[in-house]
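Participant: Below are the chains, spelled out letter by letter.
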Amino acid sequence: GDSVTQTEGLVTLTKGLPVMLNCTYQTTYSPFLFWYVQHLNEAPKLLLKSSTDNKRTEHQGFYATLHKSSSSFHLQKSSVQLSDSALYFCALSDRGSFNKLTFGAGTRLAVCP
Amino acid sequence: EAAVTQSPRNKVAVTGGKVTLSCNQTNNHNNMYWYRQDTGHGLRLIHYSYGAGSTEKGDIPDGYKASRPSQENFSLILELATPSQTSVYFCASGDAQSQDTQYFGPGTRLLVL
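As given, the protein sequences belong to chains S and V, one line each in that order. Each step along the first sequence adds one to the number in this note's numbering, with nothing skipped, and position 20 is 23. Each step along the second sequence adds one to the number in this note's numbering, with nothing skipped, and position 46 is 431.
To be clear, the hints were calculated from the coordinates, so they are not data collected in a lab. Hints may be right or wrong, so weigh each one.
Stated by the list, open to error - Think about it this way: if two alpha-carbon atoms lie no more than 30 Å apart in a straight line, the pair counts; the simulated DSBU-like pairs of lysine-lysine are: (1) S:Lys103 to S:Lys80; (2) S:Lys103 to S:Lys71; (3) V:Lys442 to S:Lys58; (4) S:Lys52 to V:Lys442; (5) V:Lys450 to S:Lys58.
What the hints assert, rightly or not - So these bits of chain S aren't anywhere near chain V, every CB distance computed over 10 Å: (6) Pro21; (7) Arg59; (8) Gly109.
A virtual CB, placed ideally from N, CA and C, is assigned to each residue, including glycine.
Just chain V, same shape as in the assembly (with noise of 0.2 Å):
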């Protein structure tokens, strides 16, 4: 099965600073995801990438930056961290090889003081 793992599992940040969440895979999937999670709310699309170098904003950008140095590697990043922005954040891949199914990692709590 894909392998998908984020670091840190947890997160505890002070607001206004800056928090780097990551994403590393091993399956070679073009396009990666971040999400984050809320109650209420299921999974809400923040930022993907299609390949290396390349990000695109989701449906709720803001406030969040990515980084796709490598096929591999997902970041997103944090610059001015709020206290809404307390969730649960996971990183999926996948593409056309995995028939569109998305792989996700084990997630990140980030809780913003």
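The shape of chain S in the complex, shown without the other chains (with noise of 0.2 Å):
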């Protein structure tokens, strides 16, 4: 089945250093992935998705590229914020009518002043 892994559960950074938080999957379909934010006590959030493969696409200062020779969809951002202090999880679909997504294991980005 389908599987997604991300390696570091918690990553801690000073406010306006690079962050990478990696992501890689496995599936027998045609990727379409995506990064979700959850801030502390709220909701999980869209925060980027693709499909293409070697295709950058970015939003709100985050960026992503889907490698599928390397099955990877890495987020980057090259300069943190306090603001981006949350959860990040990355996400399979398995591009069927019901849109079923696998989630990773979360990664938790803390940000430091």
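Assembling the complex is the task here: the two chains are given apart, and the hints tell you how they should meet.
Facilitator: Here is the structure:
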């Protein structure tokens, strides 16, 4: 079955530094990848998504590129802010009629002053 | 933006009791989903529905039932609650109209004693 792996459980950074959160996946179908962000005591919200190989997608200063050759969809930002502190989930769609998502375990990003 | 609401927001239940979690969406999305969120596991799909009258098992359906009486409403039912079902539960909706983006409700925090 489909699976998503996020290797870091917690990433702690100082404000202004760059960040990369890792996401790799396994699927037998054409991949459609998502990043969701969840701030403390809030609902997860879509951050960005992509199904196009080797094309960078950006939103709110975050960006990611789907690389089918390495089954990866890493999330990056060039300069993190305090407000970026949150839980980040990578998710994979089964591309079926019901668009079921398989989520990774999540990476908590903590940004310090 | 899509609106998904959940009730109750917090619930304390006793072992062996019946618990019903409710979800309402006003976006006319065909698909609705129930997830539970636990540290280290991300979001795991319990049940989903593709329209009124339909319910399908997700990845972890044991101990849960679901009901979709209308396009707008989707309930999750724990007939005999157990402490292992203590978790945060999220409802979501989405379909091809939303370009496969799922919109999440605010969550229900359930404690089973």
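Participant: Would you say Pro21 (chain S) is clear of chain V, with no C-beta pair closer than or equal to 10 Å?
Facilitator: The claim holds: Pro21 (chain S) sits with its nearest Cβ about 24 Å from chain V, beyond 10 Å.
Participant: Taking 30 Å as the top limit, are the C-alpha atoms of Lys52 (chain S) and Lys442 (chain V) close enough?
Facilitator: holds (25 Å)
Participant: Report holds if the minimum CB distance from Gly109 (chain S) to chain V is greater than 10 Å, and violated otherwise.
Facilitator: violated (5 Å)
Participant: According to the definition I'm using, a residue is off the interface if its beta carbon is farther than 10 Å from all beta carbons of the partner; does Arg59 (chain S) meet that for chain V?
Facilitator: holds (18 Å)
Participant: For the pair supplied as a hint, Lys442 (chain V) and Lys58 (chain S), is the alpha-carbon distance within the 30 Å limit?
Facilitator: Distance of about 34 Å is beyond 30 Å: violated.
Participant: Could you grab the alpha-carbon distance between Lys103 (chain S) and Lys80 (chain S) and see if it respects the 30 Å cut-off?
Facilitator: The given pair, whose Cα atoms are some 27 Å apart, holds under the 30 Å limit.
Participant: Does the alpha-carbon distance linking Lys450 (chain V) and Lys58 (chain S) stay inside the 30 Å limit?
Facilitator: With a Cα-Cα distance of about 41 Å, the restraint between Lys450 (chain V) and Lys58 (chain S) is violated, given a limit of 30 Å.
Participant: Check the hint pairing Lys103 (chain S) with Lys71 (chain S) against an upper bound of 30 Å on the C-alpha distance.
Facilitator: Holds: Lys103 (chain S) and Lys71 (chain S) sit about 20 Å apart, inside 30 Å.
Taken one by one, the earlier hints fail for this structure at numbers 3, 5 and 8, listed in ascending order.
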